[in-house]
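Assemble the complex: chain A is given as a structure, and chain B must be docked to it using the hints.
There are 2 protein chains.
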Amino acid sequence: MRILITGGAGFVGSHLCDRLLKEMHEVIVVDNLITGDINNISHLAGRDDFSFVKYDVSNFIFVPGKVDAVMHLASPASPNPTSPYGYPQLPIQTLKVGSLGTHNALGVARVHEAVFLLASTSEIYGDPQEHPQKESYYGHVDIVGPRSVYDEAKRFAESITMAYHRYHDLDTHIARIFNTFGPRMRLDDGRAIPNFIVQALKGKPLTIYGDGSQTRSFCYIDDLVEGLYLLLQSDENYPVNLGNPQEMSILVLAEEINRIVGNKAGIRRVPDGRAPSDPQQRQPDITRAKSILNWEPKVDLETGLKLTIEDFEKRL
Amino acid sequence: MRILITGGAGFVGSHLCDRLLKEMHEVIVVDNLITGDINNISHLAGRDDFSFVKYDVSNFIFVPGKVDAVMHLASPASPNPTSPYGYPQLPIQTLKVGSLGTHNALGVARVHEAVFLLASTSEIYGDPQEHPQKESYYGHVDIVGPRSVYDEAKRFAESITMAYHRYHDLDTHIARIFNTFGPRMRLDDGRAIPNFIVQALKGKPLTIYGDGSQTRSFCYIDDLVEGLYLLLQSDENYPVNLGNPQEMSILVLAEEINRIVGNKAGIRRVPDGRAPSDPQQRQPDITRAKSILNWEPKVDLETGLKLTIEDFEKRL
Chain A
327 MRILITGGAG FVGSHLCDRL LKEMHEVIVV DNLITGDINN ISHLAGRDDF SFVKYDVSNF
387 IFVPGKVDAV MHLASPASPN PTSPYGYPQL PIQTLKVGSL GTHNALGVAR VHEAVFLLAS
447 TSEIYGDPQE HPQKESYYGH VDIVGPRSVY DEAKRFAESI TMAYHRYHDL DTHIARIFNT
507 FGPRMRLDDG RAIPNFIVQA LKGKPLTIYG DGSQTRSFCY IDDLVEGLYL LLQSDENYPV
567 NLGNPQEMSI LVLAEEINRI VGNKAGIRRV PDGRAPSDPQ QRQPDITRAK SILNWEPKVD
627 LETGLKLTIE DFEKRL
Chain B
327 MRILITGGAG FVGSHLCDRL LKEMHEVIVV DNLITGDINN ISHLAGRDDF SFVKYDVSNF
387 IFVPGKVDAV MHLASPASPN PTSPYGYPQL PIQTLKVGSL GTHNALGVAR VHEAVFLLAS
447 TSEIYGDPQE HPQKESYYGH VDIVGPRSVY DEAKRFAESI TMAYHRYHDL DTHIARIFNT
507 FGPRMRLDDG RAIPNFIVQA LKGKPLTIYG DGSQTRSFCY IDDLVEGLYL LLQSDENYPV
567 NLGNPQEMSI LVLAEEINRI VGNKAGIRRV PDGRAPSDPQ QRQPDITRAK SILNWEPKVD
627 LETGLKLTIE DFEKRL
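Residue numbers (the numbering used here), protein chains in the order written: chain A, 327 to 642; chain B, 327 to 642.
All clues stand as given, with none of them false.
Computed beta-carbon distance windows for the label pairs: (1) A/Y381 <-> B/D363: 34 to 42 Å; (2) B/T613 <-> A/I586: 48 to 56 Å; (3) B/K624 <-> A/Q572: 52 to 60 Å; (4) B/Q559 <-> A/E456: 37 to 45 Å; (5) B/V437 <-> A/Q455: 37 to 45 Å.
By construction, these hints were calculated from the structure, which means they are not laboratory data. None of these values were measured; they are calculated from a predicted model. We treat Cβ as the ideally placed atom computed from N, Cα and C, and that holds for glycine.
For reference, chain A alone in the conformation it holds in the complex:
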């Protein structure tokens, strides 16, 4: 297949490129590089089966030649208000790529009668009142809060994707991606794992906001990419959660990273400076992914962290 990946220079996108190329597909990446990084795909430059266009998909998407699949991943994705790559710093771009960008990407898929996959997010559940989150949960999003630029943009993206499926008969897929980690995450992305690893590698105490009891579940990138690839090939049009249901507190995560790195500086608790509406708890129910895609995460946390730490060491 000839596959267009928007946001293909991002963390998830670039791993997806590697995987699809390995499966003998041809890959075209469109990315404006405002949060993606050219270094993530520079190892692919010059290949006959790979091309890259630096362009903002919110404006327009033109791809010469036939496209068989469109995978729409483009979006800022870090909630951290202090990171230059966080959507709180890029609110309008985030809203635009979720709406105008999704509309453009669906347009390409429609013209080519291509398969379409939307990279949605667990953020559409907002600060959930139900645990773990099933796909049938309607979510709990503050429509006009600062985080809504991402959450509502992605909710909109899901809605328009379903509309193209229903009314234009497009073969569409929606992945609700939960927290994912791995090599190539931005060092200054602002999320917990990169923050902790950078601090641990520098021998500094790991900063925890509040008491560290807020929980997350972390999926290793290779597992997620496998799920995305299976979903693309499936017959499922309704949203499917992709994430690791193994839940842990931020405190336990920090201790594990210190242990693997051998960092003796410990942990530093600071008053809760988390982004407004930062959810206290989030965990995917992956019953649907298991039954529909026969998928579940395989990489354990320790293995994933070691691979990620190795990559961070090289880049620091």
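What follows is chain B alone, placed relative to chain A:
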């Protein structure tokens, strides 16, 4: 002021035109007439202080000369799946006008440093789990259900409006409009009041789906327009509910219309054929509108219905 009204040929928009012209403002209407009706504004043709452009605001908006305010009302708004004017028949247009259209309208406001008002909707609350609905309620919307084309588009529109306020310093206002009725509603709009009035005037029994116990609250158009005008002039940037808190069952409404019209054909109950996710109950909490705008509905239901029935009689 020179005021741009998108969707100004619609039911609400055209009444807003009348009111603003009466207040000595100049009005420019942009409307693609897919659900609006040129007859709603034909009485304004030829006035120096009024102009109309037939155009789809989802594509692009160009207005020659300075604009002081932008009121973005354009959107299909009837949930009825059988009406040609209902958003279930116009899913992609509804999604586009809520996202691309709102983005374009905000762009005009930004260029002109104009005041911006978004006509949002009680539908952003979905099938609410809280009664009555306060503005602080996050809502209960099925993201990928058929109604989401309207609900999620409007949630997105609110989110991008707030983002333009926060990050581009635009003076924005968000009205969450609850059920409204009055002259100029489309006879075949598919909503309860037009359906009932048309049936009553034809001497037919009024069709009620299910047992008629589902409740609604109906605001007369003049009250709503007053609220919109006050909100436009206010300092309030967060959403404000505008609607009539007087709740009644669909059954009581039908009986009242039969009584006013003098229709002896009674009521006909049919199995529940309502649109999926049609909310069982919806009622605005207007505490904020009262305190911020010193606004509350003044027209009682009987008066409103009589004025509406008069208009329908002329048009039938």
